[in-house]
Structures are given as C-alpha cells and as structure tokens.
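Protein chains in written order, with numbering that gives the first Met the number 0: chain A, 0 to 303; chain B, 0 to 303.
In short, the hints are calculated from the structure, not lab data.
What you are looking at is a predicted structure, and each value in this text was computed from that prediction instead of being measured.
Incorrect hints may have been included.
No copy is singled out in the list; a pair is fine if it fits within one copy or between any two copies.
[Said to hold, decoys possible] Computed list of lysine-lysine pairs in DSS-like fashion (alpha-carbon distance at most 27 Å, straight line):
(1) K14 to K179
(2) K129 to K212
(3) K129 to K214
(4) K212 to K29
(5) K254 to K105
(6) K212 to K105
(7) K175 to K105
(8) K179 to K29
(9) K254 to K29
(10) K129 to K9
(11) K105 to K179
(12) K175 to K29
(13) K29 to K180
(14) K129 to K271
(15) K8 to K271
(16) K29 to K214
(17) K24 to K9
(18) K105 to K180
(19) K134 to K106
(20) K180 to K134
(21) K14 to K214
(22) K47 to K271
(23) K179 to K9
(24) K212 to K14
2 protein chains.
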Amino acid sequence: MTKNSFDLKKYLAAKTHVVNAALDKYLEVKYPPLIYRAMRYSMFAGGKRLRPILVLEGARLCGGREQSVMPTACALEFIHTYSLIHDDLPAMDNDDYRRGKLTSHKKFGEDVAILAGDALLTEALGLVAKNAQEKGIGAERVINVLALLVRASGVEGMIGGQLVDTCEDSLVKKGKQATKKRTLAYIHTHKTLALIQASLSAGAMLAGASPAKIKALDRYGADIGLAFQIADDILDVVGDKKKLGKKGSDAQNKKLTYVSLYGLDGARRQAKGLVAAAKRELAVFGREKYILESLADFIIEREY
Amino acid sequence: MTKNSFDLKKYLAAKTHVVNAALDKYLEVKYPPLIYRAMRYSMFAGGKRLRPILVLEGARLCGGREQSVMPTACALEFIHTYSLIHDDLPAMDNDDYRRGKLTSHKKFGEDVAILAGDALLTEALGLVAKNAQEKGIGAERVINVLALLVRASGVEGMIGGQLVDTCEDSLVKKGKQATKKRTLAYIHTHKTLALIQASLSAGAMLAGASPAKIKALDRYGADIGLAFQIADDILDVVGDKKKLGKKGSDAQNKKLTYVSLYGLDGARRQAKGLVAAAKRELAVFGREKYILESLADFIIEREY
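I would like the entire structure built from these sequences, with the hints used as guidance.
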C-alpha cells in the first residue's frame, strides 16, 4: 500500500470500530450501575478515538500486535474522557453541552460526574496493568508505560496545563506578549499535546521498539499534537459551529488562542510547518510510515 | 519485644514521622506551584497515616524492608487524601472544614480542589511504578499491586462505595431494615475498608509474601477496617467533637450508621467481635504479630 492508494477515513472508521468494541467490553455494567452508566454515557458520546488509534499504530509500526496493546489503547481514551467530564464541570469551564449532547453533570448531577471522572482515571491505570496480566507483555515494559502515562496526564502534563489554563488566565491577560506566547505554549503542550504524544510512544514501548523509533514517534507526536491544537483554534474561528457541536467559541470567551496571538495566517503557517516537520521524523519507518503521513496531512485538512 | 512492653503510640508517632518525610519528598513543589501547594495543603493538614503505616508493617511482617515499599506506602496516602478533597466538594458532602482546617475548595476554590484531587490520584499510581523503577522490586509484583490498588480505590472499591453513599441515600431510607443493613455494609466495606485492607496486602505482596500470609493480612485488614468504621460511628455519637475536629455529626445529618441500625451496645459488640477475629488471623506470624495485635486493640480504644 502506498500513501496515494490509502484511504485514511476508511482506516480511521475501521479502527474506531475496533476500539469501540474494546471500550464496550472494558466498561461492562456491574454494581452500582449508575456509575457505569455515567462512565459509558461520556465514553460513547462520540469522539474520534484518536489517542487509542495512535497507540495501536505506534505498536504496529514497531512490530507489535494491535490486540496485545488494546488495554493501554483504551486507557488513553478513559483518561481523555475523564478529563473532558471534569473540564466541563461548573467550577471549571461550566459547559452544558459537548459534541451536541448534555455534559455529564447536566445529565447525572455534579456528584456523579465528579465520581465518574475519578472512576475513569482510576480504571484507566488498571487497564495498563492488564497489558502484563492478560496480554503477556513484559511487566517492566508495562511499568515504564505506566510511568509515561502518569507523566503525560499528571501535574507534569495534562493537569498542569489545565491548572494554568483555568487559574492563570488573569495573570496572562495582564502579561507582556512574550509571556502570553510562552504561557499559551505551556498550556497547549501540557493540556492536550502531552497525552497525544504519549499515545504513540506507549504503543511503541509496549511493542519493544528501539530507542530511535520511540524518539521519532515522540517528536512526531509533539509536532502533530501542537498542529492539532492550532487547527482547533483555527476551526474555532472559521469552522462550522454545528459540525463542531460546541456552544460558545473560545474567541467569544476571549480565551488566549494561536489565532488571537499570531493571526489566522500566522497560525496556519505554524500548523503547516509542524505537519511538515512531523512527516520528516517518520523516515526511520520506511514504507510503513504511510498511515502516520496521511494522518499528519489530515490534521490540518479536517473540517471538524 | 512482647505485646505488653510495646508502646503503640510511640511506634505510630515514629512511623508517622518517617512517612511524612517521604510524602514531603514526593510532593516537592515544581511548576505550576499552585497545584503543588494545594496538594500539599491537604496532605499536611493532619492525618494518622494509617494506610502507609499498614503498608510498611505488611512488608516488615513478610521480610521486606520499609524503605523499599515507601513509594507504595505514600501512594495509599495520596489516594486517601484525593478522596477526602473530592468528598468535601459542595456537590458531594459540602464540608467547609476538615480536621479543624478549611477544606481544599474553601481555601483554593473548587476548580483547584478538583484538579488537586485528580493530581493526587494520578501521581499515586505513578508512585507505584517507582517501586519497580527505583526500589528494585520485581515488575510483576508491582503490576499485581497496581491492579490491587485500582480494585480497592476504583468502581469495585472506594468509588463504588462513595457513589452508593452519595446517591442511594434516599433509596435506602425508604428500604426495609434488611436492605438498609446490606447497603450500609456495602458502603462501609467499599468506601473505607477496601483501601485499609489493600494497604497491608500491598506491603506483603511487594515483600514477596506467601499466599497464606497475604490471605491472613487480607482478612485481618477486612476485620479491623470494619471495626474502625464502626468505632467512627460510635465516636460520632459519644466522642468529643473538638478532638474530632468535625463540624456536624453523621447522627445530626441523619446518615445511616451502625449505631442508628444496631444501637450503641450492638455496635460496640460488633466492633469487639471483629477485633477478636482480626487477632486470630495473625497466628501465622508468630511473635512478630505484636504490632498488629496492639493496633487492633487500639482501634476500639481510641478517643479520636
């Protein structure tokens, strides 16, 4: 298969299907049913399953088998979903809708939403353990992936980015342009990018990849992760609100964005540059790189 | 050392000191400082460090070294503290004070409190990884402990208990006496006991204990965990409010308690029976059992 004959949308749809089946299995309803219902509601409210698909692809590129890394692939979606539930809470972004559906706290109440988020985070890290206990992957590799995911989703990653985004808003507005740019970069690299970047590396590490391949995927992940975030900022300004399913735009909420800081053209230039850089990192994978190449292009071409 | 010459309070004070030093090290302030300050505020607001001390004792009894299980010991306190921060939130128990100090959301705001809880939970499971990466404990043992802690703190454990406690209150009030007793037992065994029980087992498992010893500690943990909870219910009625540092009692809040269901004498009888049963489980440890024997007695004798 070459890049030109490859249908990325078909591929993504097929992988989404496989991931959804695994998520369904790992979220079987037990007692108390209410917590499982709340976890499932947010998990199956849509979503591109980008992070799990990156785990699968990271493993495939490094000689691993999809099914053997599936628990960690699902763990990434659990962590992503928990972060959305908590971000939507009244004390945080106070969003009533996400992807066109009521947010967890509007549907189940704030108490259940907080617990459903806590539960998804806890169970996510339990899924990582399953990679060693049920899939026969070496325990040391699994421990290293656990540490990687904690760094990417904890205070040194996603939570750190979220904290700065939530609380240092006022600080940033008063700051100089250089401070604003630095803070925006910190928020994006930590809040969104860290988890996307960790997804590919986690798949590769579970497959026993060489340090050179892990490094290449880590850099590719950093580049497309940031491009993805910039594209989000651009879509927030020019995109079709209905397709995005969002209530208010970040621009309306006067949030710091790449477009507000660099202008629409400047933001587009940055995203394109990052995608080109990401693709250069893939040389080490030879012909097998076609999926990640297509994905990098897709990120700045997508409409929703 | 025999049980009679052993000073439990001195021992607990010494161990609390050791655990606090380790917690301090694992919570070193980095960027962004606000999240670390919030995590440290709740972590160092007092607390008996019962769970970490049980991890250390579980390891010691099975031939392990205290320092080599310290990351997991601290992980248990991280998980316990995160659960307190989230339980205190306005949407949950809505408590302004805990241990005589402002709760996290009153001190830092709800957004920071939610994130500080999320962070403590995430970093807790990262600490478990350190047991393999820094303390030389076999990765397979560490993976098994990770799975154990997820079961104890996730939907099959603490979060399940919290969910039923929070949301099925009204259901229980209308139920028959037998349903009430079953629900109360579910809440207690899951909300509080699961984590206490897992502490001893985690220490033993990291030390490579035999299945017989792990089973004995598991049963001992279940018995003293429930006795501890019943003692809490009793103290809530007869204890000195100032010593406990609580605002309102569960009795005033008309919560389902062992005292309300079984009466003061009935609750005391149950707690005593559980402590006796717990001590019988310790036979397999010979003379070394004196610390856990003293601890079991202490649970129904404590005043705060």
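Okay, the hints, checked on the actual structure:
Taking the shortest alpha-carbon separations for K14 and K179, neither the intra-copy value of 38 Å nor the inter-copy value of 46 Å comes in at or below 27 Å. For the homomeric pair K129 and K212, the shortest alpha-carbon distances inside one copy (24 Å) and between copies (25 Å) are both at most 27 Å. In this assembly of identical chains, the alpha carbons of K129 and K214 lie at most 27 Å apart whether taken from the same copy (25 Å) or from different copies (22 Å). In the homo-oligomer, the alpha carbons of K212 and K29 never lie at most 27 Å apart, since the shortest distance is 40 Å inside one protomer and 30 Å across protomers.
In the homo-oligomer, the alpha carbons of K254 and K105 lie at most 27 Å apart both inside one protomer (24 Å) and across protomers (26 Å), since each shortest distance falls under that limit. In the homo-oligomer, the alpha carbons of K212 and K105 never lie at most 27 Å apart, since the shortest distance is 44 Å inside one protomer and 47 Å across protomers. Neither within a single protomer nor between protomers do K175 and K105 lie at most 27 Å apart by alpha-carbon distance, with minima of 38 Å and 31 Å respectively. For the identical chains of this complex, K179 and K29 are inter-copy neighbours only, at 20 Å across copies versus 47 Å inside a copy, given an alpha-carbon limit of 27 Å.
Within a single copy, K254 and K29 get their C-alpha atoms only as close as 41 Å, which misses the 27 Å cut-off; across copies the closest is 25 Å, which meets it. Proximity of K129 and K9 under a CA criterion of 27 Å is satisfied in neither setting, with 29 Å inside one chain copy and 41 Å between copies. When the C-alpha separation of K105 and K179 is checked against a cutoff of 27 Å, the pair qualifies neither within a copy, at 33 Å, nor between copies, at 29 Å. In this assembly of identical chains, K175 and K29 lie within 27 Å of each other by CA distance solely across copies; the values are 23 Å between and 52 Å within a copy.
Proximity of K29 and K180 under a CA criterion of 27 Å is satisfied inter-copy only: 21 Å between copies versus 47 Å inside one chain copy. Taking CA atoms no more than 27 Å apart as the test, K129 paired with K271 passes in neither setting, with 38 Å inside one copy and 39 Å between copies. Proximity of K8 to K271 under the C-alpha cut-off of 27 Å is restricted to the intra-copy arrangement: shortest distance 20 Å within a copy versus 65 Å between copies. Taking CA atoms no more than 27 Å apart as the test, K29 paired with K214 passes between copies only; the shortest distance there is 25 Å, against 40 Å inside one copy.
In this assembly of identical chains, K24 and K9 lie within 27 Å of each other by CA distance solely inside one copy; the values are 23 Å within and 50 Å between copies. For the homomeric pair K105 and K180, neither the shortest alpha-carbon distance inside one copy (34 Å) nor that between copies (32 Å) is at most 27 Å. Taking identical chains as interchangeable, the C-alpha atoms of K134 and K106 are never at most 27 Å apart, the minima being 36 Å within one chain and 45 Å between chains. Neither within a single protomer nor between protomers do K180 and K134 lie at most 27 Å apart by alpha-carbon distance, with minima of 43 Å and 40 Å respectively.
When the C-alpha separation of K14 and K214 is checked against a cutoff of 27 Å, the pair qualifies only within one copy, where the shortest distance is 24 Å, while the shortest distance between copies is 42 Å. Within a single copy, K47 and K271 get their C-alpha atoms as close as 22 Å, which meets the 27 Å cut-off; across copies the closest is 55 Å, which misses it. In this assembly of identical chains, K179 and K9 lie within 27 Å of each other by CA distance neither inside one copy nor across copies; the values are 40 Å within and 53 Å between. For the homomeric pair K212 and K14, the shortest alpha-carbon distance inside one copy (22 Å) is at most 27 Å, but the shortest distance between copies (45 Å) is not.
The structure shown violates the earlier hints numbered 1, 4, 6, 7, 10, 11, 14, 18, 19, 20, 23.
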